[in-house]
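Just so you know, the protein sequences line up as chains A and B, in that order.
Each residue of the first sequence is one higher than the last, beginning at 2 in the working numbering.
Each residue of the second sequence is one higher than the last, beginning at 74 in the working numbering.
These are computed hints drawn from the structure, not numbers from a lab.
Keep in mind that the hints are not guaranteed to be accurate.
[Unchecked claim] Derived DSBU-like pairs: lysine-lysine, alpha-carbon spacing no greater than 30 Å straight-line:
(1) B:Lys126 x B:Lys217
(2) A:Lys63 x B:Lys188
(3) B:Lys139 x A:Lys38
(4) A:Lys5 x B:Lys130
(5) B:Lys185 x A:Lys29
(6) B:Lys130 x B:Lys143
(7) A:Lys29 x B:Lys165
(8) B:Lys124 x A:Lys29
(9) B:Lys80 x A:Lys25
(10) B:Lys139 x A:Lys25
From a predicted model like this one, the values you see are computed outputs, not experimental measurements.
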Amino acid sequence: MIEKEVEIINNAGLHTRPAATIVKIAAKFNSDFFINKDGMHINGKSIIGVMTLAAEKGSKLKLTFDGDDEKEAAEAIVDYFERGFDEL
Amino acid sequence: MKNNVLKGIAAAPGISIATAYRYEKEVENIIDESIDNVEEALNNLDESIQKSKKELKKIFDLAVTKMGEKRAGIFEAQMMILEDPVLLDNIKERIKKERRAPIFIVDDEFSKYQKILAQSQETYLKERGHDIDDIKNRIIRNLKKKKWK
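Sequences are here, hints too, so could you generate the full structure?
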């Protein structure tokens, strides 16, 4: 299992469009992917779950990846967070 | 003829003469019923979801033409909710285990997420709750067109 901490760096935060993109990236991998924020534990492959996360600019999320392709999944998703959801 | 003066903020300058429509959101009546035929209920759920997908695809295509792909993205997210593996598995499992009408289970599962969003202080998150409400009501309307014992 891989654990990563990421920060939301784009101004608009984790709004609907990046939420949809995160789920689409996660769906490409077999590994389970969960997002933790302030005690909320969300399956990262669930769009309705990710949409429910109130993640503003500056908020920190803990991501966990577990499965045969966890390394690749972690790289792809952490990279998307670090690119500020391509909104910088 | 009855005159009715409405006051508000002008969103665009000018004068317009036309028939006015009043928008009222229909509140779907949810009845908690037990079911005998689980298989039929699951088929009805599947068909209602497929029908909702077709309806949304039409709206999405129209929105892309009128608003552009980026702004039409909300409808794409709504379509993705109709394929959400976690949400759909929970709904199906509960129909099988609890033997209750799909309408009740759909409403109950969606409402969990709506409650979280409604508690938020942020306006945009409250509005996101309305997006989830729209998709929930679309499935429920399509389920109501079905009949089962």
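How the hints compare with the structure:
no., hint, verdict
1, B:Lys126 x B:Lys217, "holds, 16 Å"
2, A:Lys63 x B:Lys188, "holds, 23 Å"
3, B:Lys139 x A:Lys38, "violated, 36 Å"
4, A:Lys5 x B:Lys130, "violated, 36 Å"
5, B:Lys185 x A:Lys29, "holds, 27 Å"
6, B:Lys130 x B:Lys143, "holds, 15 Å"
7, A:Lys29 x B:Lys165, "holds, 24 Å"
8, B:Lys124 x A:Lys29, "holds, 26 Å"
9, B:Lys80 x A:Lys25, "violated, 45 Å"
10, B:Lys139 x A:Lys25, "holds, 25 Å"
In this structure, the hints that do not hold are numbers 3, 4 and 9, in rising order.
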